[in-house]
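Line by line, the protein sequences give chains F and D. Going by my numbering, the first sequence opens with residue 1, and the numbers climb by one from there. Going by my numbering, the second sequence opens with residue 389, and the numbers climb by one from there.
To be clear, the hints were calculated from the coordinates, so they are not data collected in a lab. Keep in mind that the hints are not guaranteed to be accurate.
Selected chain F positions facing chain D (in silico; Cβ < 8 Å) [stated by the list, open to error]:
| no. | residue |
| --- | --- |
| 1 | A35 |
| 2 | W47 |
| 3 | Y54 |
| 4 | G70 |
| 5 | G87 |
| 6 | L115 |
| 7 | G122 |
| 8 | G253 |
| 9 | Y254 |
| 10 | D279 |
| 11 | A283 |
| 12 | G284 |
| 13 | L285 |
In this text, a Cβ means the ideal position worked out from N, Cα and C, and glycines have one as well.
Protein chains: 2
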Amino acid sequence: VEPAAPITQYRERAGIIDLSWGHPHPDALDTRAWAGATADALVRHGWEALTYGYTAGPGPLLEWLGAHVGRTDARAATTSETFVTAGASHALELVTTLLTRPGDMVVVDSPTYHLAIRTLAGHEVEIVGAPSDEEGIDPDGTAGLIEAARRAGRRVPLLYLVPTYGNPTGRSLPSRRRAALVEAARRVGTRIVEDDTYRELGYGGEAPPSLWSLAPDGPVIRIGSLSKTVAPGVRLGWVNAAPELIRELTGIGYVESGGGVNHTAALTMAAFARSGGYDVHVAGLRRRYARQRDALVDALRTAAPPMPVPSPDGGWFVWLPLPDGVTARSLRTVAEKHGVSFVEGSVFFVRRGGERHVRLSFSLFDEDVLTEAGTRLGRALHRVTGTR
Amino acid sequence: VEPAAPITQYRERAGIIDLSWGHPHPDALDTRAWAGATADALVRHGWEALTYGYTAGPGPLLEWLGAHVGRTDARAATTSETFVTAGASHALELVTTLLTRPGDMVVVDSPTYHLAIRTLAGHEVEIVGAPSDEEGIDPDGTAGLIEAARRAGRRVPLLYLVPTYGNPTGRSLPSRRRAALVEAARRVGTRIVEDDTYRELGYGGEAPPSLWSLAPDGPVIRIGSLSKTVAPGVRLGWVNAAPELIRELTGIGYVESGGGVNHTAALTMAAFARSGGYDVHVAGLRRRYARQRDALVDALRTAAPPMPVPSPDGGWFVWLPLPDGVTARSLRTVAEKHGVSFVEGSVFFVRRGGERHVRLSFSLFDEDVLTEAGTRLGRALHRVTGTR
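Chain F extracted, bound-state conformation (with noise of 0.2 Å):
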């Protein structure tokens, strides 16, 4: 007899607080009010959501999110500028399957979200991390980089990158650097695939406009989601583009044979938005991610040695960069027997980098775990400087 299969992704571990997982917080997924919305989508629309779908997802939801984008960021999309997705990633395998070829090189940005990584690798491209600094990707740098590559012979389709409130870093790209980085793409022919997943979980002031809010003409596309916002179960994000992307998108073979990627989904998404329940559910998470946060940011700061300890102005990770001597290898042993863990920051890096940050992502657990969690972590770091 096979052991039962498990129903989540998440794994419990025995005695150890895990800050490695970029999951939700389970009071902030919504059961009674998906419930609703399903039932809601099914008696208005009748066997109409549970049929084949319009292939670039469902009226109701295209315009929802087009008028969406436009409270959200800089501009609004049309329609036709709009391709609902079974989530972010998602999104990026459909538009690298359009871009890229088997040898082409693909730019990320350093660091950038790991399984972004992965997911390119799954198409065979060369994936080069793009020059940066403190303040992120750097916009002249990525040109030339780009520039070089294709005087030597390469195609280079795509730069990916997460530029606000980004994973792993918690940071924003500046104004200046937007513009530049445009710009730039513009001028070397590469298309900029900006993954947004969390511009709407901003703790402080307001998220700075999109890449692609800037460029209408159409060399940055642009990936949202809702995992964050309502649930990752769900399977839903969408994809902003030039419309010609977004007819290649409906021409993918299985996407037209499935009628869209996720319709009687996307319907229930509709039906939750057109409830008001969408931006009441939102504004309560940025609250209780904010607690979460502080949590864990306080108690760090409060039980480890002095050092700087970031406080991101919106998503789900700390990017802590760690004390003289200390790499994220040697600290997550020791941190492991104080009972926290966390990912090692060169999990996000294509090639080197990172050995001296690590990732703690604040989504997943009660203020006082956080609390507990920043305690450990904190005595870990004087136990391996030595400090106490």
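Position chain D relative to chain F; hints supplied.
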């Protein structure tokens, strides 16, 4: 202002009964049962139904699918032989991604599902139609084709077919050819991708054992679907294959990043199955689609000039051979003037073939509409053959 985007893929054509759509009958889509199953899953599993799921699919659905395959095919699957997909086409996309490289040769049945050909083509492989006759694919001829390609230095990783109540033919491959094809695939080292979408929609005796069930040692990858038996909009299908291939599927970047490909829908399906609703529902579908098939076939046999009109044992399609001197192209023009349409047979072939067949789908319409469609097509056939 843009026109409102549609909700569904189906487009009505004024005055034409369009038999080209392989879509379910609206009354076959049980909106109340799906709303109930959603509520059930969300109450039973709580937040675990909305978070990132176990990558191969949530345990409750893997377990039901394994046993379900045992009830509808000649052997059950273990959970380690099962992977939940977002529909059968998505399963084909994933498997093709794993097994093929650009420039490979891929063999498909002749004729076969046209959007499978398109899905394969997206992977930049050379697609070659297998030799076949009235009984279906020819195992020896196919093995010879693959061996010749191998001798010429080609990789031939994959053979695709729909051997049971096939699309477009409605036919099932005879037992001795099944055994011979599996043996041939084993010998030449090519994986068979068996699209088994229509297995449960048989209207006479039992469906033959799948190719997968004949070959426990792994040359066959079986694709199952819930689009025809439950609803296409929910986007659920599955793969049965050797555990090693299932592990490779769970390693695909965007699949791991997403926590499986359709977690909430998968748990909803498990709830629907647990309620006992599935078996009753599918028994009703078999009666429904058998009546719809009969309405179309009977009307055509009555109204058309003397000619063979096959009545399929299962699935959704009549594959109609046309009388001497009539092509699908010439018939379609006349048929549409008579208020009926269909898909021309050539669409289901890689290169030449099918010019004198049409595919008629009886899935979408009421019996009286199908009677009218058969009558109109009969009249059009009289017109093109000059018999009335």
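- Interface hint for F:G122, Cβ within 8 Å of any Cβ on chain D: 5 Å, holds
- Item | Evaluation of the interface hint that places F:G70 against chain D, nearest CB under 8 Å | 14 Å, violated
- Verify the interface restraint on F:G284: the C-beta must sit less than 8 Å from at least one C-beta of chain D. Where the cut-off is 8 Å and the nearest Cβ of chain D is about 15 Å from F:G284, the hint is violated.
- Classify the hint on F:G253 as holds or violated, based on whether any CB of chain D lies nearer than 8 Å to its CB. 3 Å, holds
- Message: Under 8 Å is the threshold here; is the Cβ of F:L285 close enough to any Cβ of chain D for the hint to stand?
- Response: 13 Å, violated
- Does F:A283 pass the interface hint, meaning its C-beta sits closer than 8 Å to a C-beta of chain D? 19 Å, violated
- Task: Let me know if the C-beta of F:A35 comes in closer than 8 Å to any C-beta of chain D, holds or violated.
- Result: Because about 5 Å separates F:A35 from the closest Cβ in chain D, which is inside the 8 Å limit, the hint holds.
- Item | chain D contact restraint on F:G87 - CB to CB distance below 8 Å | 5 Å, holds
- Item | Agreement of hint F:L115 with chain D interface, Cβ distance less than 8 Å | Constraint on F:L115 satisfied, holds at 4 Å.
- Message: Just to be careful: measuring from the Cβ of F:W47 to every Cβ in chain D, is the smallest value less than 8 Å?
- Response: 4 Å, holds
- Item | Agreement of hint F:D279 with chain D interface, Cβ distance less than 8 Å | Because about 19 Å separates F:D279 from the closest Cβ in chain D, which is outside the 8 Å limit, the hint is violated.
- Message: Next item in the hint list is F:Y54. Is there a CB on chain D closer than 8 Å to its CB?
- Response: At 5 Å from the nearest chain D Cβ, F:Y54 passes the 8 Å test, so the hint holds.
The structure does not agree with the numbered hints 4, 10, 11, 12 and 13 stated previously, though it agrees with the rest.
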